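A.B. asks: As given, the protein sequences belong to chains A and B, one line each in that order. Under our numbering, think of the first position of the first sequence as 1, with each following residue one higher. Under our numbering, think of the first position of the second sequence as 1, with each following residue one higher.
None of these hints come from the bench; they were simulated from the model. In this text, all values refer to a predicted model and were calculated from it rather than measured experimentally. Backbone N, C-alpha and C fix where the C-beta goes; we use that ideal spot for every residue, glycine too. Certain hints may be false.
As the list claims (entries may be wrong) - Reference excerpt, derived from the structure (chain B facing chain A, CB under 10 Å, subset only): (1) Gln12; (2) Gln14; (3) Asn365; (4) Glu390.
Stated by the list, open to error - Straight-line C-alpha distance at most 25 Å; calculated DSS-like pairs for lysine-lysine: (5) B:Lys185 <-> B:Lys31; (6) B:Lys152 <-> A:Lys163; (7) A:Lys319 <-> B:Lys185; (8) A:Lys243 <-> A:Lys201; (9) A:Lys128 <-> B:Lys185.
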Amino acid sequence: MDYPAFKQFDYSQSIAFARGLVDDLNFSYVSRWKKANPSARVIGFLPIYIPREIIHAAGMLPVGLFGAGDRIPVVRGDAFFQSYICHLPRTVVELLLNGNLDEFDGFIFPSICDVIRNMSGIFMLQSKNRYIRYLDFPQNFDEQIGGVFYRSELERLMEDLQKLNNSGIDTQRLNISIDLYNKNRKLLKHLQDFRAAHPHKMSAVDYYLIRRAGNIMSVEDFNDLLESLLESVKNVEADEEDKIRVVVTGSFCEQPPLGLIKTIENAGCYIVDDDFQLGLGWMKKDTPSDTSDPVNALVQAYLQDSIRSSAVYDSENEKGDQLAEKVKHLNADGVIFCAPSFCDPALLDRPHLERAMDRHHIRHFSFQYHENLGQFHVIKEQAGTFADMIKLWE
Amino acid sequence: MDVQKENSMVKQKQMLAEHFMELSQVRETGKKVAYTFVPGNLTELIYAFDMLPVYPEINSLQSGMRQKSRDYIREAEEAGYSEDVCSYVKCDIGMMLQGNIGPTGQQLPPPDILLLSYTGCFVFMKWFENLKQFYPDAEIAMLHIPYQESGKIEAGAIEYVKQQLRNEVIPKFEKVSGKKFDADKLAEKMDLSASAEDLLVEVFDSARHKPSPIDAYFGGVYYIGPIFTAFRGSESCVEYYRELLNEVNYRVEKKLGPITPDGILENERFRLVVEGPPNWTHFRNFWQIFYEMGAVFVGSTYTRVGGIYDEGFRHSSQDPLRSMAEYCMGCYTNRNLPQRIDLLETFITRYHADGFLVNSIKSCNSFSAGQLVMMRELEERLEIPVGFIETDLVDPRYYSYSNIKNRLDSFFQMLDQRRPVKSAG
Numbered sequence: 001m002d003y004p005a006f007k008q009f010d011y012s013q014s015i016a017f018a019r020g021l022v023d024d025l026n027f028s029y030v031s032r033w034k035k036a037n038p039s040a041r042v043i044g045f046l047p048i049y050i051p052r053e054i055i056h057a058a059g060m061l062p063v064g065l066f067g068a069g070d071r072i073p074v075v076r077g078d079a080f081f082q083s084y085i086c087h088l089p090r091t092v093v094e095l096l097l098n099g100n101l102d103e104f105d106g107f108i109f110p111s112i113c114d115v116i117r118n119m120s121g122i123f124m125l126q127s128k129n130r131y132i133r134y135l136d137f138p139q140n141f142d143e144q145i146g147g148v149f150y151r152s153e154l155e156r157l158m159e160d161l162q163k164l165n166n167s168g169i170d171t172q173r174l175n176i177s178i179d180l181y182n183k184n185r186k187l188l189k190h191l192q193d194f195r196a197a198h199p200h201k202m203s204a205v206d207y208y209l210i211r212r213a214g215n216i217m218s219v220e221d222f223n224d225l226l227e228s229l230l231e232s233v234k235n236v237e238a239d240e241e242d243k244i245r246v247v248v249t250g251s252f253c254e255q256p257p258l259g260l261i262k263t264i265e266n267a268g269c270y271i272v273d274d275d276f277q278l279g280l281g282w283m284k285k286d287t288p289s290d291t292s293d294p295v296n297a298l299v300q301a302y303l304q305d306s307i308r309s310s311a312v313y314d315s316e317n318e319k320g321d322q323l324a325e326k327v328k329h330l331n332a333d334g335v336i337f338c339a340p341s342f343c344d345p346a347l348l349d350r351p352h353l354e355r356a357m358d359r360h361h362i363r364h365f366s367f368q369y370h371e372n373l374g375q376f377h378v379i380k381e382q383a384g385t386f387a388d389m390i391k392l393w394e
Numbered sequence: 001m002d003v004q005k006e007n008s009m010v011k012q013k014q015m016l017a018e019h020f021m022e023l024s025q026v027r028e029t030g031k032k033v034a035y036t037f038v039p040g041n042l043t044e045l046i047y048a049f050d051m052l053p054v055y056p057e058i059n060s061l062q063s064g065m066r067q068k069s070r071d072y073i074r075e076a077e078e079a080g081y082s083e084d085v086c087s088y089v090k091c092d093i094g095m096m097l098q099g100n101i102g103p104t105g106q107q108l109p110p111p112d113i114l115l116l117s118y119t120g121c122f123v124f125m126k127w128f129e130n131l132k133q134f135y136p137d138a139e140i141a142m143l144h145i146p147y148q149e150s151g152k153i154e155a156g157a158i159e160y161v162k163q164q165l166r167n168e169v170i171p172k173f174e175k176v177s178g179k180k181f182d183a184d185k186l187a188e189k190m191d192l193s194a195s196a197e198d199l200l201v202e203v204f205d206s207a208r209h210k211p212s213p214i215d216a217y218f219g220g221v222y223y224i225g226p227i228f229t230a231f232r233g234s235e236s237c238v239e240y241y242r243e244l245l246n247e248v249n250y251r252v253e254k255k256l257g258p259i260t261p262d263g264i265l266e267n268e269r270f271r272l273v274v275e276g277p278p279n280w281t282h283f284r285n286f287w288q289i290f291y292e293m294g295a296v297f298v299g300s301t302y303t304r305v306g307g308i309y310d311e312g313f314r315h316s317s318q319d320p321l322r323s324m325a326e327y328c329m330g331c332y333t334n335r336n337l338p339q340r341i342d343l344l345e346t347f348i349t350r351y352h353a354d355g356f357l358v359n360s361i362k363s364c365n366s367f368s369a370g371q372l373v374m375m376r377e378l379e380e381r382l383e384i385p386v387g388f389i390e391t392d393l394v395d396p397r398y399y400s401y402s403n404i405k406n407r408l409d410s411f412f413q414m415l416d417q418r419r420p421v422k423s424a425g
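Chain B on its own, in the form it takes in the complex (with noise of 0.2 Å):
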C-alpha cells in the first residue's frame, strides 16, 4: 500500500509540473495567464475560457519553502514596501522584480489579465492595484465579494457579485482569451468541481476517526489543498482526490496515523484543533515539532480560504454565477467573527479536538485581527486548553524556533495535565 499512497503524491507532482510547464510555453501556445487569488477563486471559469491560472500566493508560499523568500523581501522593502505589510505582497513583488522565475525554476509569463477577486481579504486589492502598476497592459477585473457582516449572505450581496460576473469578469476574459462565454462548458466544470467537493470533504472528514488518517493542517497545504484550488473543475482533479481517498480509507482501515516528513505518526497523542495559516520558510521544522510530539491536526481553518464544503455547499451547474457568488462569499475569511468561532466549535467537537490552537501570522490582519477574542470564547464555550504562537508567512525574520517551541511544550503540558483530568470525570 505504500505504492498507493505514493500514487496521489505522484500524481500531485506531474499535476503541478505539467501546469508550470504549460505556462512556462504560453508564448509558444497563445494560451493566456489570468493571475488571481485563492480565496473566491474562479477557477471553472478560467479554465472555461482555456486560460491558466497563476496563484500569487503560492508562488510566494513556494519562495518561502525554497528559501527564496527573505530575497525576495529584501528587494521589494527596498523597493519602499515597508517591512510591517503583508510578506506575500512584498515576496510576489520582489520575485518579480528578480525576473518571476517560479517554483520549478521556470519564468512565470505575465499576466494576460489580474482577476483580482476581493474576497475576505483587503490586501488582495492593493497587491492587485501595484501589480498593476507594474503590469500596465494586463487586463484587471475586479470582482468585490461583500463581507458576511450580519452572519449569512444577504440576497443583494448575490445579485451584486452575479452582476459583476456577468458585467465586468466574463467580458473582459471574453476579451482577453478572445472566446465567446460558453455557459455549457462552465457547466460542466462546475460539476465535475461539486464531485471533487464531495471527496474533498469524505478526505477532510476522515479526521474524526482515532487515530486519525490525515493532518488536517500540514497534510491539509501539502498534500490535500493545493490541488483542489489549482484544478478544480478538471477530470484529473476527481481522479486525484479519488486516488488521495482510497489511500485515506486504507490509513482508516489498517488505523494508520497520517503522513509526515519522517514517515507514517504512529503514536497520537493530541489531536488538535488550528486557526491560521502555517509558517512557509520552516514548514518541515514547524511540523516536526508536532509530530514529534505526537499531535496531529484533525480541522483547520487555512485550508477552508479557498471556500468551505463541509456544512454542503457545493459548486451548482443550475445557476453557476449564482453558485460561484455563494462559493466566493463562503470563503472562511469571508465570515464574520461569530461565524468563525462556530465553525471552529463544530472542528473542535465533531473531531474530538483535546485542544485549539491560533498560530498568528504578523503578515495576515485577514486572520490575525480578533483572533485572541476568539480563542477566548472558544476557552470559554469548551473549556478547551488553547495555544497561541506568533510566525509569519513567508518573512522568515519572525520565525523563531526557541519561542515557538517553549510555548507549545507548555500548551503540549496543558493537554497532557488536562487529560488525567478529563477521564476521571
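Okay, chain A solo, but in the shape it has when bound (with noise of 0.2 Å):
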C-alpha cells in the first residue's frame, strides 16, 4: 500500500490513522487497496470468527463489517429488521443499500446467530452478482467428525474463492498467511499484556479503534502498524488514576459505541480486558506454518486452540471459570457484562456467567446498549457506583 511508513508513525498518528480508518464508512482504504491489487477481490465477513488465512492466501483482502454505529442514520435498514432484532444488521444493510460497500466482492457470515445466519439470505436476495457465503462452523469438535466436516466446509471455500479470483491458493502461500496472522496475534497479545499492565497509558478508546481498524487493513500493514505502536506506547506519559480494573464482556459482534467504552473509564473502570474484537484473537496459539497441510493445521487449530464465545457449543459452561480465571490472571476487581439489546448468544450465556462470577466471589454489573446509543448518564451512574463500591468497601 501507498500509505506512509506505519514504522514512523508516533503515538498519535496510528491512532489519527486507525480512528480515520474506523470512521470512513466509504472504505476507501478498500479502495486504495483495490487500485494497488486491480485483479484482486475484497471479501467483508460479519463478526466473530473466519479464517482470514485462506482469503489472504486467495490474494484478497478479508474486511470485518462490524456495523456503522451512530455515524449513519438508519433509513432503509429498517425496513429490513423488526424493531427487536439487534441494531448493527441495519446499519450493515444501509451501508450495502447505499453503496458504501461496492468495492466488495464478497461476503461470508459466519454461523454466530440466528440474525447473522439469516442476513446471509438477505444478501443472497439484495445482492445477487456477489459471492455470498454463510459459513458453518462445526460445534463438534471430534478430529475427525467436526474436524472433517470443517474440512469440507474450508475447501468448499477455497473452491470458491480461487474461482472468485481466478487463482489458486498453494500449500505455500497458504503457510505464509498463517505465518502472518501468527505474527499478528503475537503482536496483539504483546499489545493486551502492555496495556493491562499500563492502561493509564492507552486509553480503551485508542486500544479498541486500533483493533478495530485492524480488521480494516491488510494484515502486512497491521503488523506494521503495531510495531511501531508497541514502540511508541511505551513513551507516552500519563499518571495512573484511582480506577479499578474491569474486563467487559458480552460484546463480540454489535459493537459499543465510542462514547460507552469511553464512559466506562471516566466513571472510573480501567478495561483492562473486553471481548470486543474477539476474532482477531481466536487462537490461544500459533497455528503451525510450516507444514505440508495447511488447511490441516488451521482446521486443528480451531478445533483444539480456539477460545469458548457465547456462539461455541459449551456444554460444561467452562466460559464462566475461563472469565473467572481471566479476572484473576489480570488481577481486575471486577466484570462489567455490557451485551447489545436483543443479542441471544451474550444475553442467554450471562445468567450463568454471572453465577460463576458469584461462585467465585468476583463483582459484576451488566447493562445492555446498541451501537447508536446516545445517552451515556445512566451507565456512568452505574460504571461509577460500580467502582467507588470496590474502591470504597472491598
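Got two chains here, each in a separate frame; can you build the complex from them with the hints?
C.D. replies: Following this line, the structure appears as C-alpha cells:
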C-alpha cells in the first residue's frame, strides 16, 4: 500500500490513522488497496471469526463489517429488520444499499446466531451478483467428525474463492498467510499485555480503535502499525489514576459506541480486557505454518486452540470459570457484562456467567446497549457506583 | 359424522394423556427421559431405545395456552434472563424453577439425557447449555445440523450428521437407556413414520380444495401437527392420521370448511398462507379474528419446522442414519431465505391463496430475521396482497389485540378490494 510508512508513526499518528479508518464508512482504504491490487478481490465478513488466512492466501483482502454505529442514519435498514432485532444488521444493510460496500466482491457470514445467518439470505436476495457465503463452523470438536466437516467447509470456501479470484491457493501461500496471522496475534498479545499492565498509557478507546482498524487493513499493514505502536506507546507519559480494573464482556458482535467505552473509563474503570474484537484473538496459540497440509493446520487450530465464545457449544459451561480465571490473571476487580440488546448468544450466557462470578466472589454488574446509543448517563452512574463500591469497601 | 370428527380429537387427547401419565410414572417404570426439540427431532430413535421424549417448546406453548407463561417468564427474568431473549426459553426455565409441572398438572420428570438437536435455531444450543446447568447429572448429546446455506444439502454435511449420530448420539442413548442400539427396531419405526408422513401430506394437501377442509395454521398446530412430532414411528400415530384423513376427506366430499372453536367455518372468504409461529397466550382470540372474517389458512410454515414432507421426503428404513440426517437438514428454519421464499410461493400458488401474512414473533429471530424481505419478494413475484402483524410466542406482554385487529382489518379490506380487480382481469 502507498500509505505512509507505519513504522515512522508516533503514538498520536497511529491512533489518528486508526480512527480515520474506523470512521471512514466509504472504506477508502479498501479502494486504495484495490487500486494497488487491481485483479484482487475484497471479501467482507461479519463477526466474529473467519479463517482470514484463507482469504489472504487467495490474494484477497478480508474486511470485517462491524456495523456503522451512530455514524449513519438508518433509513432503509429499518425496513429490513423488525424493532426487536439487534442493531448491527440495520447499519450493515444500510451500508450495502447506500453503495458504501460497492468495492466488496463478496461477503462471508459466520455461524454465530440466527440473525447473522438469515442476513446471509438477505444479502443473497439484495446482492445477487456477488459471492455470498454462510460459513458453518462445527459444534462437534472431534477431529474425525467435526474436523472432517470443517475441512469440507474450508475446501468448499477455497474452491469458491479461487474461482472468484481466478488464482490458486497453494500450500506455500497458505503457510505464508498463516505465518503472517500468527505474527499478528503475537503483536496483539504484546499490546494487550502492555495495556493490561499500563492501562493509563493507552485509553480503552485508543486500544479499541487500533484493533477495529486491524479488521479493515491488510495483515501486512496492520502488523507494521502494531510494531510501531508497541514502540511508541512506551513513550506515552500519563499518570496512573485511582481506578478499578474491569473486564468487559458480551460485546463480541455489535460494537458499543466509542462514547460508551469512554464513559466506562471516565467513570473510574480501567478496561483491562474486553471482547470487542474477539475474532482477532480467536486462536490461543500459533497455527503451525510449516506443514504440508496447512488446511489441516487451520482445522486443528479451530478444534483445539480456539477460544470458547457464546457462539460455540459449551455444555460444561467452562466459559464462566475461564472468565474468572481471566479476572484473576489480570488482577481485575470486577466484570462488566455489556451486551447488545436482543443479542441471544450473549444474553443467554449472561445468567450462568453471573452465577460463575458469584461462585468466584467476583463483583459484576450488567447493562445492555445498542450500537447507536447516544445517552450514557445511566451507564456512567452504574459504572461509577460499581467503581466506588469496590474502591471504598473491598 | 360429528362423532367421526371427534374420533381423532378424542384419540389425540387420549394419546397425550397417556404420554404424560407415562412420564409421571418413570420413577416406577424406570423408563428414561429425553428432552429434545421439535425441529430435527429424533423421535424414532428415542422410541427405539424405549425412552420417552419431552419437548420443552411444547411445554412452553402449553403453559402459554394455560395462562401460566406470564409467571414463568417473570420467574426466569428474576433469575437474570433478559426481557429480550426467547420467551420459550424463559417460560421453560421458569416452569422448571417452579417445580416443573407439565400441561396435565403432573410433574414432569427431569431429563436423563438432553438431546440437543441444534436444527435451524441457534437459541436451542443456548437453551440446553442453560438446562445442563440446572440438571448437572443429565447426559447431554449435541447433534449439530448444518444449515442449508447453499440451498441444498451438501454431501459433507450428511456425513457429518451421520457421524454424530453414530458416534455421539447413539452411544449416549445406549449409556443412558442401558440398551444396545437395535437397527431393526429403528428401521421398523422409520417405516411407520413414512406411512404417517404419507397421510400427513394428504391432510395438508387437502387445502387445495375450495372450501379448504382444514385450517393449516391454527388447526395445523392444534390437531394436525402435535401427534406427528410426539408419536412419529408408532402404530398409533399412523392410526391417528388415518382417522384424521378420513374426517378431512368427508369434509371435502361434503364441501365443509375446517372446524374452529365455534364450529365449522361456513363461509370461506379469504384463503391465506402464513409465515411464522402463532401466538399461544391468546390462541383462541387470535384464531377468532380470522375465522370471524371467514379467513382460512391454506398453508403455513410453522407446521413445517418439525419437517417438510410436501416435496417427497420420507423417513426411510434403507439407510436410517442418512434419512435422519436429511430429515433434520430439511426442516423449515434450516433452509436459507431463498428456499423459504420458494416454498411459500409453492404454497400460495398450489393452494390458491388470496393473500400472504407474516406473524412476526418477537422471540424468534430464527423465523423473524429476514421476513420483511421475504414478504416484499413474494409481493413482487406474485402480486399478492401481503399483511404483517407482530406478536410473541408465550409472552403475553407482546400481544396487543387492538394493534393486531387494526392491521388485520386493513389487510382484509385490501384483500376485498383486490378481489373484483382480479375477477375483472
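A.B. asks: Each of the hints needs a verdict: does it hold here or not?
C.D. replies: Quick rundown of the hints versus the structure:
no.	hint	in the structure
1	Gln12	violated (31 Å)
2	Gln14	violated (36 Å)
3	Asn365	holds (4 Å)
4	Glu390	holds (7 Å)
5	B:Lys185 <-> B:Lys31	holds (17 Å)
6	B:Lys152 <-> A:Lys163	holds (20 Å)
7	A:Lys319 <-> B:Lys185	violated (40 Å)
8	A:Lys243 <-> A:Lys201	holds (13 Å)
9	A:Lys128 <-> B:Lys185	violated (47 Å)
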